[in-house]
Every structure is written in C-alpha cells, then in structure tokens.
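Next come the chains, spelled out residue by residue.
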Amino acid sequence: MQQHQYDVIIVGAGGAGMRAALESSTRTRTAVLTKLYPTRSHTGAAQGGMCAALANVEEDNWEWHTFDTVKGGDFLVDQDAAEVMCREAVDAVLDLEKMGLPFNRTAEGKIDQRFFGGHTRNHGEAVVRRSCFAADRTGHMILQTLYQQCIKQNVEFFNEYYVLDLLMTDGKASGVVAYELATGELHVFSAKSVIFASGGFGKVFRTTSNAHTLTGDGMGIVWRKGLPLEDMEFFQFHPTGLAGLGVLLSEAARGEGGILRNSDNERFMERYAPTVKDLAPRDMVARAMANEVREGRGCGPDKAYVMLDLTHLEPAHIDAKLPDITEFARTYLGVEPYTEQIPVFPTAHYAMGGIPTNIKGEALANNEDVIPGLYAAGEVACVSVHGANRLGTNSLLDINVFGRRAGIAAAEYAETAVFEELPDDPSAYVVDLVEGLRTSTGEERIAAIRSDLQATMDLNAQVYRTEGSLKQALVDIEALKERFKSVGVQDKGRRFNTDLLEAVELGFLIDLAEVLVVSALARKESRGGHFREDYATRDDVNFMRHTMAYREVDAEGNENIRLDYKPVVQTRYKPMERKY
Amino acid sequence: MDVKVKILRYNPEVLDEAEWKTYSVTLQPTDRVLDALHKIKWEQDGTLTFRRSCAHGVCGSDAMRINGRNRLACKTLIKDLNPGKEITVEPIKGLTVLKDLVVDMDPFFEAYRAVMPFLVTSGHEPTRERIQSQADRDRFDDTTKCILCAACTTSCPVFWSDGQYFGPQAIVGAHRFIFDSRDEGTEQRLEILNDKEGVWRCRTTFNCTDACPRGIEVTKAIQEVKRALIFRRV
Chain U
1 MQQHQYDVII VGAGGAGMRA ALESSTRTRT AVLTKLYPTR SHTGAAQGGM
51 CAALANVEED NWEWHTFDTV KGGDFLVDQD AAEVMCREAV DAVLDLEKMG
101 LPFNRTAEGK IDQRFFGGHT RNHGEAVVRR SCFAADRTGH MILQTLYQQC
151 IKQNVEFFNE YYVLDLLMTD GKASGVVAYE LATGELHVFS AKSVIFASGG
201 FGKVFRTTSN AHTLTGDGMG IVWRKGLPLE DMEFFQFHPT GLAGLGVLLS
251 EAARGEGGIL RNSDNERFME RYAPTVKDLA PRDMVARAMA NEVREGRGCG
301 PDKAYVMLDL THLEPAHIDA KLPDITEFAR TYLGVEPYTE QIPVFPTAHY
351 AMGGIPTNIK GEALANNEDV IPGLYAAGEV ACVSVHGANR LGTNSLLDIN
401 VFGRRAGIAA AEYAETAVFE ELPDDPSAYV VDLVEGLRTS TGEERIAAIR
451 SDLQATMDLN AQVYRTEGSL KQALVDIEAL KERFKSVGVQ DKGRRFNTDL
501 LEAVELGFLI DLAEVLVVSA LARKESRGGH FREDYATRDD VNFMRHTMAY
551 REVDAEGNEN IRLDYKPVVQ TRYKPMERKY
Chain F
1 MDVKVKILRY NPEVLDEAEW KTYSVTLQPT DRVLDALHKI KWEQDGTLTF
51 RRSCAHGVCG SDAMRINGRN RLACKTLIKD LNPGKEITVE PIKGLTVLKD
101 LVVDMDPFFE AYRAVMPFLV TSGHEPTRER IQSQADRDRF DDTTKCILCA
151 ACTTSCPVFW SDGQYFGPQA IVGAHRFIFD SRDEGTEQRL EILNDKEGVW
201 RCRTTFNCTD ACPRGIEVTK AIQEVKRALI FRRV
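Line by line, the protein sequences give chains U and F.
If you're matching positions, the first sequence starts at 1 in the UniProt record's numbering and goes up one per residue.
If you're matching positions, the second sequence starts at 1 in the UniProt record's numbering and goes up one per residue.
With the rest of the complex left out, here is chain F (with noise of 0.2 Å):
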C-alpha cells in the first residue's frame, strides 16, 4: 500500500526553522512506522535522521510524535495507525530539538539521576542473596519495566510548561525503588520528590499512562508515591 508520511523536519545547519515534509512510501499493513522511516532514508533522503537501535520495543531509542500521540516507531504498526489518510511524525516535545527528529535527552536523564535510582542499604552485606518474598518482588514489577525512552514525561502537560518538573519517568525511577522491600532509602528519595518541582506537580492527566509503550500504570505509580508521601510509610 502507498502511504503519505508527513515529517516535521529540522537541521539548524541548513534552515533556522522546522518544516514539515511529506513522503510517499510503499509499505506493508504489518510494517512499522520505524521501516517507513528506513524506506524513506534509505531509498529517497538519507539526510532524514532519529534514533533506533533494537527495533523491537525494549531499547527505548525511537520515542516519537506518531499522529500527535507519543509511541516507539518501532512498536507501531502501520495498519493500526488509519495509513488511508497522512500520517504524521515529529519530535516527542518538551526537550530541545537537535535534527529531525532528534532531541536532547540529556535534561530527561538528569532528572533520572537526581532521584537516587539505585538500591540504597545500610549495614553488612550477606553473603548469599537478600530474601525477598515474590509478593514483595511483585510490589514494584510494573515500574521495573521502564526503557527509558522518555515518552511519557514528554506527554505531560506539567513537563511541557515547565522543563523544571522531574516528570512522569523520574518518579517512575524512584518508585521501583521506594516500594522494594529491600530497600533503605526511601526517606531520602522522597524528600527530593517533594520537592516544589516534585511528584505534587502531577495533575493526573493520565497521559503518561496512556503513552508509555510497555504498559506501565505511570499515574497509578505516581499517586502511590503520593500518598507515601502523605503517610510516610510504603
């Protein structure tokens, strides 16, 4: 099937502005959005650029605008995307664009590190593995998930408006954490979640949830650091 794909391209290099292009690929119903944008720069404009690596859903590289709603091109099927009319792609919003469809992650990262993602224990360590019941491994499985690609505190509102707010993913990150039993840190982390640019920000919009591309229940999650927040227990 022919499909028009229109492209919000960018490149500081040549034009000061973005534009939107349009493209006529030959695809198939089952092909993703990512082959359309192979085909494209592989067979027409190899100046076209984005960032892929795994090509199927779990490296987090090619978070973008697919018909105003943030997916991995790579886990997007042409066929569920309505391919009679224009399909549109663009940058995912809120990070500063660098080429195309290229924008800089490094203020999403940092907001990542700034949460303390990482296990936090005091004390000797055992010599074997630490016992965890799976009902308390199964406490934070959801938020265990994350791939990183950014797709959905680029949907927030809050984000948009204000590059300050830590962002759906950041909250994500700490709430793996908070909710392991393991775990010693969680006094610290949510300290820096109640921040004024913290988890309080969240207006449940639910895009977050709606755009994250493996599934997680981001809202749920942040509401659960709320109210942990709240009742300073877990």
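Chain U extracted, bound-state conformation (with noise of 0.2 Å):
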C-alpha cells in the first residue's frame, strides 16, 4: 500500500473535475484521480451546447435564464442557487472561449447561439437563442480545453486510478482510497479537502445515453457513510435517443429545426405543448413520446418508438450544425438523415439528484451543516439547479459554474486547514470489498444481475411510474442483493483487472437504484422527471420539498433508508402551472 498526501484531492475528471482543478491547483497543491482518462469522461459525449444570457443574436438576460431554469425543474430548483448559476453562465462560456474553446461564430464573429428546450424570451413568451455551442459536439469541445488547460498548468493526475472509499475524521473529510487499475495496489491518499466530481448512474438502466463506465461511484461511496443523498427520485429520461440502442441524439436537432412526428406522421408535439411544440423541456417531450407509442401510434414493425424528422433541413446546414448525430444514425441504424426520418425513443440521461451541496460547493451532512473538507460538483451533486427536470444545456453549464466554485472553496479551506490524522488501518475497509470479491467463490454472474437491475429499472421505475410498478422494482432489487451476495470474479489476478471493477461497480448500481426507488414510492406526486400515473399532478403543499435519503444501519447490522426532506429555496418565482 502506497501513502499520498495533497492539499486537494479532486475525484473524477470530467468537465466539473477539471474545471476545479483549473482553480485549486493555482492556488493549493492538487491531485486529481479518475478511474478512466480524463478524456475519456463523459462530458465528452455531451452535444448540443452551453446556455448563457450572452444576448449575442438577440435580447436576452440572465434573469430570463433563471427563470426558465426553475419553471422547466418544476419549481423544485434552489433558486438562490440557479441566479448564482445563471448569472455566472456569461462568465463560465467567456472563458471558456478565453481557454480556446472553438465556438461556432456569427457574421460579426461573435459566439454563436442557438435554440434549445425550455429556453425562453421573456419568461415564456417564445424561444430564444440561448445555447453556445460548438457544432454538435460542444462536450467534446469543453473536454478537450479544460485538459488543455490541465496541460498547459502542469495539473497532477492519477489516470486509471479508482477511488473506492472517503476517509473521514472527527466529521471532516480526511481523505480517500483508491485502487489503482494497473497493478491492483491500494493507495491512501491523506488531504484537507476532497472534492467528488465523478459523475451520474445512469447504468442503472438498460436503455441509456451514459458511458458504461456511469456507476455512481461517488454518490455510492457517500452513501456507504451515511451521508445523505437528495432527490434521487429524479432521473431524466432524454427523449431523441436512437431506437434500441440510446445513443445520444442531440436536442440541437430540435433546435435548428428537426420535428418530431408518430406513425400518422403527425406533428404531435403541436398538442402537448402548443407554444413551444418540440421544443419544450425533456421530462414532457419523453412523456408526450411514451405516450404516442402506448396510444398505438409508434412507428416500426412493434410500433414501438417515434420518428425524429430532419428531412426538411438543408444537407448543408445538417453537415454545418449537426455532423455527429447524423454519423451516429448513419453508423448505428443505417439511416440517412438528408431523406429518412430517425427512429427516437426516451433514454435514461441524467441524475438530476446526487450529493447535496451549498452554492460553495460544501458537501452537507443534513439540511443545515456542511461536512468540512467535502465537496461535490457536477451530476454527481445536487446543488439544487436542476429540480425536478433539468433544461439541456444546463448541466455543462454547471460543471463549469460549480466546478470552479468548489475548486476555489476547497483550496480556500485547505489553505487554512491542516491535515486530520487518518483513520486506523485506513484502508480496511477497502481490502475488505476488494478481497471478498476476488476471492469469493459464489456462482452469480455480474453481468446476469446488472442486466436483470437494468430490466426491471426499465420496466418499472421509467418514465411512467405507479406504487405497483415501483414496489415491484423494490422487490426484485432485494432480490439482486441477495444473488449479489454470490456474486462470481473469474478474474483473480491484480493486473488491469475490470472483472473485479465491474462487480464494484454493479454493488454501487444496486445500492442507489434502491435509494431512487425508495424515495420515488415516497413521493405521491407527479413533477418535473418524476411521473406518477397513480398521482398524476404536482402536489406543491405536501412535496414542494426536496427528499433527503440516509442509509442506517441497526444494532443488528440491519441497513434501512430513512427519507427526510429539505426545504426548497424560492426567492422571486412563485410556483405556477407549467404550460409551454
């Protein structure tokens, strides 16, 4: 075992990873660690751009964004959170472009902007050119700067190094352990602050935009302490993924122009929200598409997804503005965007819950009190600017608004901190978890139960939800806890062993696919992402309230979820219906 010690330790590197240690490393002595390369993060596959209030192509502000910020998150956003957010989106994108970001440029040779869901002028009254973006592939982009600028500041990385447990002392953060990929060694790295940007869970369900790689590590770390997780319930289902297969296609595709159409090939977008028609936010164009299909009008021989139409558009302007998404058709299904429709159907995208956090990016420990030394950023936190339903565009947004902020404040705090003495035999209870894997002689197969978790996720816990459909996904996770009890590694070596990491990884899967369910079967309401056909409205005077999940463990060693609830933040917006 190999001892570590830095003033930050920063776990992910993706864009919110990166982006803090842009500013910790200036100021403080940083690591960063990633189970991957940073380049391999998911932020790269992130399309469609970056809303800010530039005003570059027309009349905008910040406050405009703020507002359609918390009206598309169902009025469950922080709203002293989303102003921060907002307001410092102008700055995040500057630079950005400051870094070298290659933004697609106006005739004047400004940053370019253009439509996307839920981005509105003047508090609803129609869309608005909000998002900057670099072609189809502005994730990419922002993946590829901030490593450039890691490069360029000697940043210190530990590449395929995955961190497995936080260290904590007297109440503050202390540390973490981390499992290096290569040689199998553990690794104790001792520090002031630990920031976690490592990312969402969307592997919990089959059919998905995210990486195979999105196994909540950082939020399933954190929970094994007993710290709190909020509004887990809510998962965003993004409504343009490729049919079968949940490939990413762009909501850019909406918004230069692409229609979505059913098997009549109606425009049917026109009736669930008149106004904005395909471009509303995500949580009502998925539904509106689940919707069709279970109504009979799906397209394809088991009328089983909907047909996304960019046949209209110039080839030209397609080949300029949307170069990837069309490949991905192209590669994938086959289907040529110039002359064919593409079959689209919902996929899991995003965690609009995680890790609670301040707008600092201190991680809490409840409804009140800061964990000191921990910080969150990016999808693995809940800050809360996203709500019920996060708007496109916003999450690189927040990678790059929170990122930076929790870069700052932990450097800050490990200015004036000192280090806290590590826990004995730190790294117990990971040779524990490790070991009881690699040697364990059970017969299960890793990739049976994450496929039978994923199946009943889809099945139950999707974009439609009932008391039933949830209790019965409730049961089958229990009964995965069990089989993955007997869960079988043929792999026993040390080297490069991803047997091992996948069996890691599914012990996260299952834990907050339980936490998502327990806190969804709590809340009778339907909101934003969350859509309860049992309880189909919002219900602001018993929910309009953020859900706080806790793992307790009993004196017999039982574990249990305890759910309690946080206040939400409402500073000038009133709740309201949401129509588009």
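Check the hints yourself; a few may be wrong.
[Unchecked claim] Calculated lysine-lysine pairs in the BS3-like style (CA-CA distance at most 27 Å, straight line):
#, chain 1, residue 1, chain 2, residue 2
1, U, Lys485, F, Lys21
2, F, Lys21, F, Lys39
3, U, Lys481, F, Lys39
4, F, Lys79, U, Lys303
[Said to hold, decoys possible] So the derived list for chain F, only partly shown, Cβ under 7 Å to chain U, looks like this:
#, residue
5, Trp42
6, Gln44
7, Glu184
No wet-lab data here; the hints were simulated from the structure.
All C-beta atoms in this analysis are idealised placements derived from N, C-alpha and C, irrespective of residue type, glycine included.
Two chains, two frames, some hints: make the complex.
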C-alpha cells in the first residue's frame, strides 16, 4: 500500500473535476484521480451546447435564464443556486472561449447561439437563442479544452486510479482510498479537501445514453458513509435516444428545426406544448413520446418508437450544425437523415439528484451542516439547480460554474485547514471489499445480475411510474441484493482486473437503484422527471420539498433507508402551472 | 448469427507470451465488435480485458486492431467485417501491451503534451470573447474532432519502427492550434515539430487517415504543418 498527501484531492476528471482542478491547482497542491483517462470522461459525449445569456444574436438576460431554469425544474430548483448559475453563465462561457474553445461564430465573429428546449424570451413568450455551441460536439470541445488547460497548468493526474472509499476523521473529510487498476495496488491519499466530481449513475437503466463507466461510484461511496443523497427519484429521460440503442441524439436537432412525428406523420408535440412544441422541456417531450407509443401511434414493426424528422433541413445545414449525430444514425441504424426519418425513443440520461451541496460546492451532512473538507460538483452533486427536471445545456453550465466554485472553496479551505489524522487502518474497508470479491467462490454472474437490475428499472421506474411498479422494482432489487452476495469474479489476478472493477461498480448501482426507488415511492405526486400515474399532478402542499435519503444500520446490522425532507429555496418566483 | 472471434490474449501474470484464443458468439449483424467482446467477457471468460466507456465513438477508449486495421470496437459493426470468416482482434501496435487489448497509453499522451496543445496568447485578455470569423474557425475545424484514441499513431509504420517519433496524433493536436487565428504560439510549436523526431519523419503512407474513426484528414493536416514550416507562415 502506498501513501500520498495532497491539499486537495479531486475524484473524477470530467468537466467539473478539471474545472475545479484549474482553480485549486494554482492555489494549493492538487491531484486529480480518475478511473479512466481524463479525455474519456462522459462530458465529452455532450452535444448541443451551453446556455448563457450573452445576447449575441438576440435580446436576452440572465434573469430570463433563471426563470426558465426554475420553471423547467418544476419549481423544485433552489432559486438562489439557479441565480448564481445563470448570472455566472456569461463569464463561464467567456472563460472557455479565452481558454481556446472553438465556438461556432456569428457573421460578426462573436460566439453563435441557437435554440434549445425550455429556454425562452421574457418568461415563456417564445423560444430564444441562448445555447453557445461548437457544432454538435460542445461537450467534446469543453472536455478537450479543459484538459488542454490542465496540461498548460501542469495539473497532476492519477489516471486509472479507482477511488473506492472516502476517509473521514471527526466528521471531516481526511482523504480517499484508491485502487490502481494497472497493478491492483491500494493507495491511501491524505487530503485536507476532497472534491467528488465523478458523474452520474445512468447504468442502473438498460436504455441509456450513459457510458458503461457511469456507475454512480461517488454517490455510492458517500451513501455508504451514512451521508445523505438528495432528490434521487428525479432522473431525466432524454427524448431522442436512437431507438433500441439509447445513443444520444442532441436536442440541438430540434433546436435546428427537427420535428418529432408519430405513425400518422403528425407533429404530435403541437398537442402537448402549443407554444414551444418540439422544444418543450425534456420530461414533457419524453412523456409525450411514450404516450404516443402507448396509444398505438408508434412507428416501426413493433410500433415501439417515434421518428425524428430532419429531412426538411438543407443537407449543408445538417453537415455544419449536426454532423456527429447524423453520423450516429448512419453508423448504428443505417438511416440517412438527409432523406429518412430517424427512429428515436427516450433514453435514461441524467441524475438531477446526488450529493447535496450549497452554492459553494460544500457537501451537506444534513439539511443545514456542511461536512468540513468535502465538496461535490457536476452530476454527482445536487445543488439543486436542476430541481425535478434539468433543462438542456444546463449540465455543461453546471459543471463549469460549480466545478469552478468547488475548486476555489476547496483550495481556500485547504489553505487554512490542517491534515487530519487518518483513521486506524485506513484501507481496511477497501481491502475487505476488493479481496472479498476477488476471492469469492460465488456462482452468480456479474452481467446477469446487472442485466436483471436494468430490466426491472426500465420496466418499473422509467418515464411512467406507479406504486405497483415501484414496489415491484423494490422486490426485484431486494432479490438482486441477495444474489449479489454470491457474485463470482472470474479474474483472480491483480493486473487490470476489469472483472473485479465491474463487480464493485455493480454494488454501487444496486445501492443507488434502491435509493431511487424508495425515494420515488414516497413522492406521491408528479413533478418534472418523476411521473406517477397514480398521482398525476404536482402537489405543492405536501411535496414542494427536496427528498433527503440516509442509509442507516441498526444494532443487528440491518440496513434501512430513512427519508427526510428539506425545504426548497424560493426567492423571486412563485410556483405556477407549467405550460409551454 | 454465430461468429468466431479470434483475440490475441496476453497476461504476464499467467504466461510470458501472447496467444490467440478463438471464441464463438451469437450476434446480430448490427452488433458492434464491442458487443462481441462484452458477450465474451460477460458470458464466457471474465478475464478478457479491454478498455471502453461511451460505446458510441466519442471517448476514444477502445481503439484496437480489428481484422488487421485500427478501428474503434464500438463503431465497427459485425456486418461490415465479413463475419462469415473469423474476426481477429488484437491490441493497437507500437505501444507496450499490458494485458490483452490494454496498452500503455502514457507515451502517446506524452507526445501530445509535448506539442503545447493549448491556446497561447499574450497581452491583456479582452473583456468579452475574442472575435474570430467563421471562416477562420473553419480553418482548423477538422483537427478539433480528435478524441485521442491513438488509432492513427499506432497505424503509422514510422511510429512502429521508431517509438521516438511524435506520431500523427501529436501533429494533429499541434495543427489544431497552429491554424487557430487566435493563437500566438505557432513559432514555438513549429520549432518542436521541426525536431528530427518531428513532422519530417512522416512518409505520407496515409495509414493514419484511413485509421481515424473521426474522419479527420490526418495526412493532409501533417502536410499543412510541413508547409507552414517551409514557408514559416500559416
């Protein structure tokens, strides 16, 4: 076992982690640990853009952006946090441009902007061009640009180091334990500040836009420490995943004029959102699509999907603005978007919930108290700027604004804090976890358990939920937890043991699926991405509040999930019915 | 359809030498090679080791040599590989194999880091964005697509014979900034690439262009850098 010491440890090297590193590494000694290589992070898969009220192409201001974010989130957004994000959005975009990000340009050479779902002029009057973009690979360009800046600043990375435990001393963060993939060796990192920026857990679902590696490790680690997870029932299903595959086709396709059609070739979004139509927020579009299919207006041999129509757009326009996603359609479905409609269906995309933080990125131990030295930013965190449904482009914004804030806060804390003494035998938990799995003689296959988990989550906890479906999911998850106890790892070696890695990841997925379902069962209303057919309307009297879930273990060692609630911060916007 | 997949396996914990192993897998024609590898790992042999993440060609994790050509496993469909015959899968060449299809990527990233792959500017920063025409932006659009998968560099015969050569990817990485109208680091970057292990080692075999899963015209980018070196202007 090797020992290391850094002032700030950042877990994850996607957009949030590297944006944090750019701040903290100039102020204090910083290391970034990632289970991948930085440029493999899933920020790179984001496509459509990053919204900021630059007003480069039409009138706009950050207050309108704030309103859209709050309304898009079905009023579960903490409005103080949304104000911070939308106000700082302008500088966040300009900072990226100064770092070299190759944004598309207007005729005057300014950063170009385009339409995106739920982003409107003057509180919902009409759609507005707010999304700053680089073709349909904005996330790729953000990830590359941040990595390039990290090279320039000599940020220290530990690549393919998989963090498996958070160390705490007297209620403060004191370090992490990481498993080095290449050698199987364990590393104990002592730190004054720890920032989690490790992304989401989309792999609890089968149909997902998420990478194989998005297994909720950061949330799972914190959860096992008895720390809370907020609003885990809110998961976003992106309307336009390639049918059957889940590969993301950006909302920019609709921002550039694409239209969703059912088997009657009808532009059905006109019925669901008369003003903004195909550019309604994602939860509404995803439900509308699922409803079209349920009512028999789906397309294809099994009437299982709807169509995204780009055929009325000029091929040159498609090539300039949507080159990557049209290539996905060609590569994976053999569909030519110039002349053919593309089969699409909602795909699990983004966790609105996560580790609760305040607007500085400090992680919370409960509704009020921060955990000294612990920070979170990006999809792993819940600030909450996305509330019950995130608007498109606001995730790339979130990682830049709150990654930066967490990096500054963590470094400033580290400048005055001391290194806490590590707990006795700091790697004990990870040794047990890893060696327990490696030496297991169980017969259960990792992939079979994971596949069954994803099947029940797709069936029972997706766009439409009921008490019955969620209870079924819970029963299934309980059974999977039992099976997981006898999971077998075939690779017994130490070198690049990805078999073992997948077993560890599956453990996190099962934990988080349970938190999601338990939180969803208790929320007897429909709000944003959480839709209960048995409680089909929003209930502000009983549920205008964040869910706070805690893992508790009783004297006999039985685990239990306790739910608590946290008030929503409202500043200037009173809840109203969400119409578009 | 039943497909035979022959994979070059290597695990120094078990055996000093690499050996071919053939697996039989049931696949759909539209499945990706990555699906085949997953089916083998998940249903037959958990020790099979490879990198992957996004599974749709944007993260650059799973470059490998498939039927003798560098490709991304997640972007290569079974039906396009003449699946009536055995499909062969090996690690990319020229980098040290660590286990099965996993190679040591550090020398590759070192070469990238060496060409100053970041915007270099001087003077005061503007308060708003720098102005750049769309035409100037388009000048380097092609090389911004790079996902650092190493398919190009590890398809290059010069790189195979001499690991000191920067390789096509590093030159692509430099090109992206050399031809960016906002950048002021061109002189330094060109000097780096003027090195004996630099751009002049390229023998224009076009392997890199063929290998690029992002469709970047790699050889053309290298030629543009050579021309910039000769004429000292971009």
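Hints, verified against the model:
Restraint check for U/Lys485 and F/Lys21: the C-alpha separation of about 31 Å exceeds 27 Å, so the hint is violated. The straight-line distance between the Cα atoms of F/Lys21 and F/Lys39 is roughly 15 Å, inside the 27 Å bound, and the hint therefore holds. Between the alpha carbons of U/Lys481 and F/Lys39 the distance comes to roughly 23 Å, so the proposed pair stays at or under 27 Å and holds. For the suggested pair F/Lys79 and U/Lys303, the alpha carbons sit about 25 Å apart, so the restraint of at most 27 Å is met.
The restraint placing F/Trp42 at the interface with chain U holds, with a minimum CB-CB distance near 3 Å, inside the 7 Å limit. The beta carbon of F/Gln44 comes no nearer than 9 Å to any beta carbon in chain U, farther than 7 Å, and the hint placing it at the interface is violated. With a least beta-carbon distance of about 11 Å to chain U, the hint placing F/Glu184 at the interface is violated under the 7 Å criterion.
Violated hints, in rising order: 1, 6, 7; the structure is consistent with all others.
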